[in-house]
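Taken in order, these protein sequences are the chains called A and B.
For what it's worth, the working numbering labels the leading residue of the first sequence as 199, then goes sequentially.
For what it's worth, the working numbering labels the leading residue of the second sequence as 2, then goes sequentially.
Check before you lean on any hint, since a few could be wrong.
[Unchecked claim] The following label-pair restraints were derived from C-beta to C-beta distances:
(1) L595(A) with A238(B): 48 to 58 Å
(2) V749(A) with D133(B): 43 to 53 Å
(3) Y672(A) with D133(B): 28 to 38 Å
(4) V311(A) with A120(B): 50 to 60 Å
(5) F568(A) with S37(B): 48 to 58 Å
(6) R225(A) with A238(B): 20 to 30 Å
(7) Q655(A) with G136(B): 27 to 37 Å
(8) F556(A) with F27(B): 48 to 58 Å
(9) T31(B) with R225(A): 22 to 32 Å
(10) A268(A) with S52(B): 50 to 60 Å
(11) F27(B) with L595(A): 50 to 60 Å
[Said to hold, decoys possible] Restricting the straight-line Cα-Cα distance to at most 30 Å, the calculated cross-link-like pairs of lysine-lysine (BS3-like) are:
(12) K143(B) with K126(B)
(13) K654(A) with K126(B)
(14) K582(A) with K191(B)
(15) K408(A) with K495(A)
Hint data in this document are derived by calculation from the structure and do not stem from the laboratory.
Note that CB positions come from ideal geometry on N, CA and C, so glycine has one too.
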Amino acid sequence: MTADVEAAARPRHIGVPSVWREALVMRLAIGALIVFLTTAIALPLGVLLLKSFQNKAGAFVGLANYIDYATTPSLVGSLWNSVWVAVVTMLIVVSTAFGFAYALTRTQMPGKVLFTAVAMLPLFAPSLLSAISVIYIFGNQGMFKGLLGAATIYGPIGIIISEMLYCFPHALLILITALSLADARLYEAAEALATSSWRTFWTITVPSVKYGLVSAAFLVFTLVITDFGIPKVIGGQFNVLATDAYKQVIGQQNFPMGAVVGFVLLLPAALAFAVDRQIQKKQVALLSARAVPLIPKRRPLADASAFTYCSIVAALMLMVLGVAVWASLITYWPYNLSLSLKWYDFSEFEPNGWQPYFTSLKMAGLCAVFGTAIVFTGAYLIEKGQGLAGARAVAHLLAMLPMAVPGLVLGLGYVFFINAPWNPLGMFYGTVALLAVNSIAHFYTTAHITAVTALKQIDREFEAVSQSLSVPFYTTFRRVTVPICMPAILDIAVYMFVNALTTVSAVIFLYGANTKLAAISIVHMDESGMTAAAAAMATVVLMTSIGAKIVHLLLNRFVFDRLQTWRRR
Amino acid sequence: MLDTKPDAHATTRPLHLSIRGVTKRFGAFTALRNVSLDVAKGDFVCFLGPSGCGKTTLLRAIAGLDRQDEGAIIIAGRDVSLLPPAARDFGIVFQSYALFPNLSVVDNVGYGLVNKRMAAGAIAKRVAELLDLVGMPEQGGKFPSQLSGGQQQRVALARALATSPALLLLDEPLSALDARVRVRLRDEIKSLQRRLGITTIMVTHDQEEALAMADQIVVMNAGVIEQVGTPEAIYVAPRTPFVADFVGHITFLDAVVADGGRAQVGPLTLDAPAAAGRAPGTPIRIGIRPEEIRLRGVSAATPNAFEARISILNYLGSYCRVALTPTTSGGQVVLADLSSNAMRDLGITDAQVLHVALPAERLRVFDAATPGDLS
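Working from the sequences, and respecting the hints, build out all of it.
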């Protein structure tokens, strides 16, 4: 060792002030995160809760609104409607999605990538799109109206069919994950013991995915019961909770009753969330680290039937989605089927023309940039932060909360919160910024979980090493954590973008005269009978989110891989 | 609390690190119980113990990564008990290496230097020196994933040494490596430490590693320090049954103190000078290491000799582990290691009966086992 080496970086009694400055930055950042989460999530919900105990004049009336609700037959009827529609949808979707997921994970059928891609398509469309399609197929002027006989599509049947399409990919994702976690050794043991495949299915496969099944069932139930767009478009006179809340607030300006309906809506979602958290804990323990992944064997008959089944399901999905796209491209359904772009000239049907689309793009862009930055930095502070353990636990709790809150409920909370006379934030009402904050809050949890999962995979000693080298945490965050987590960060950005673009439920209460969003304009155009224009706008939104996803995939494939040589072995 | 003063040779040099009554709890679990320890400047100290004994917790407390609940930590005369890690002047190497995967070897090693506002040229020079030092010149452009485990460990070491810390902390640095690399790196780290004269603390659960590398071994168990001493002192004169059993192998025999520095083991009366001073009739335990049992030139007249039947347990290449069962009734089984030479010279076979002796000066005497004792 040379004298030079000895001399370098010495003497070193580190600047203690710089150390405290780092701790101060950490504390300020955690404080800012708490302020954001409280303002964007906790306060609106709190105000909503408060509102449900007040009369229209704002005086405290205890449970009077709830008693009012329970004794209004039409409102209780909607509750029952919501529940049974959700149960029926859940049963159909979970069983069909299970078959689809089983075919994808446990057979050697060809075309798996394509089937997965088609099944995921509804994730990129506003939920309204499937309702519009179903109207074109079974509606008053639908091509297959005759199939329904005397029944009408504008009601439970239409809602269920549309919700099936909308919920299918959500259930499928969970079931694919559950079915992928198979331990090949169990199946080999069963085979060695000469167990029939029927018995193997019931004694090994089903028990190993039961948590996934329960989880998927609860998710679909919650999605249906809290969805606003589909019942609004195709529900006709059939009232459900979500449309009730809208009518109470927007139609009758009965804010207290809207708040009560919101809280009734919150119950199933919160219950589903609680059950899901419990199940997740068990699911983790189910598969030991030493499990051997199952690679399905070639079985010609099973593979062929799986292929047939998936082809039928995928074709139906493509057809339903395709009808809306097609309908938006023809002159006048069902009389003049020549192709035309006239429905895309939105200025004819909507006072703001194309403006809502660009407002949506702007809002989704804000969510993708700021939402991702907030979520990822927040997850980092919660997961890897130092000190303020209590505050970080609170922040984590707040970050997990939106999962249990339907968008409609969150939107209602925002309305009451932002319009409260004491709230200085009231000046943001109707701005794109408010819509973006609302959407970020709405989709916070899934993004947060993605970020936390990625952060947990990083060596937990990086922070310790930086501290020993007197490198402040924000330098390591910038130089190491963010580059390593880039794939997850891009995932979050695309997730935020697509969801902000397609969501209706929360923002329907919050847009202003100049900030109408594309998804809301779809509702309005459909309401005024211009279904083809609504379909056209829905198609534009669908294409935009698919485009975003394709850009994401291309970025990952070509740019990203090249920049990240260090990932290669 | 046992006496944990370091052995004489350590106190002749100035102290670098002083731990005063440190206690650390995780909820209801007490990971460290009033631990005190002094480390001399330039010493290589190993914290040795089974998993969960608190050795890593103590290391992290010294580093400031997990702050102690009670007690003080003094580094180079400065009370750092409440200071964050960045103000404590140490370098650390983890079992996982914790190399930044997206940075090249050069950037990893220079990571702590960039923050010191050193000129780019000076940093490059220093990094090159360090890579030289750890025997990895001209590998600077590679990324961690392109290096072997041993190479990654060297880079981690270079990074920890880059800022010339006065204290080097190693948290099980070798346990993720395969056996051969581990032995080679062990020697390299030791000689590097000697050359730099840097005070070093290494956590390990591998007693062989501790014996081979340490100037001072700190044996820990259940949140307390059992013994501090040189490797030889720890091995030859363990203070507690736990230390005797954890470092090396040992057979414990239940015995009772007899008069005149002797002990009664079942029907056998042994000379055991270490038992002198204890009241006759006190129950004790006698410990003897397998390699200390004598077979050559032993007859019935040899002190502490008895007749035993041999059963061969394991053939281990250069030596053989055997069990010696006394032929007299009520005798306790003693384990012995016999070199292959001895086996051949004495023509030992399984089930053979012969005289063996337990050298009196090798018999260690401990208090009788109490319930809850780990050995």
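Structure-based check of each hint:
1. L595(A) with A238(B): 48 to 58 Å: Between L595(A) and A238(B), where Cβ atoms are some 55 Å apart, the hint holds.
2. V749(A) with D133(B): 43 to 53 Å: Holds - the Cβ-Cβ distance for V749(A) and D133(B), about 46 Å, lies within 43 to 53 Å.
3. Y672(A) with D133(B): 28 to 38 Å: Since the Cβ atoms of Y672(A) and D133(B) sit about 32 Å apart, the hinted range of 28 to 38 Å holds.
4. V311(A) with A120(B): 50 to 60 Å: holds, 53 Å
5. F568(A) with S37(B): 48 to 58 Å: Because 52 Å falls inside the window, the suggested range holds.
6. R225(A) with A238(B): 20 to 30 Å: violated, 51 Å
7. Q655(A) with G136(B): 27 to 37 Å: At 31 Å between Cβs, range holds.
8. F556(A) with F27(B): 48 to 58 Å: With a Cβ separation near 55 Å, F556(A) and F27(B) satisfy 48 to 58 Å, so the hint holds.
9. T31(B) with R225(A): 22 to 32 Å: The hinted range 22 to 32 Å holds for T31(B) and R225(A), with Cβ atoms some 29 Å apart.
10. A268(A) with S52(B): 50 to 60 Å: holds, 59 Å
11. F27(B) with L595(A): 50 to 60 Å: Since F27(B) and L595(A) have Cβ atoms about 22 Å apart, the given range 50 to 60 Å is violated.
12. K143(B) with K126(B): holds, 17 Å
13. K654(A) with K126(B): Given that 30 Å is the threshold and the Cα spacing comes to 35 Å, the pair is violated.
14. K582(A) with K191(B): violated, 33 Å
15. K408(A) with K495(A): Given pair K408(A), K495(A) holds - Cα atoms ~23 Å apart, limit 30 Å.
In terms of the numbered hints stated before, the structure departs from hints 6, 11, 13 and 14, listed from lowest to highest.
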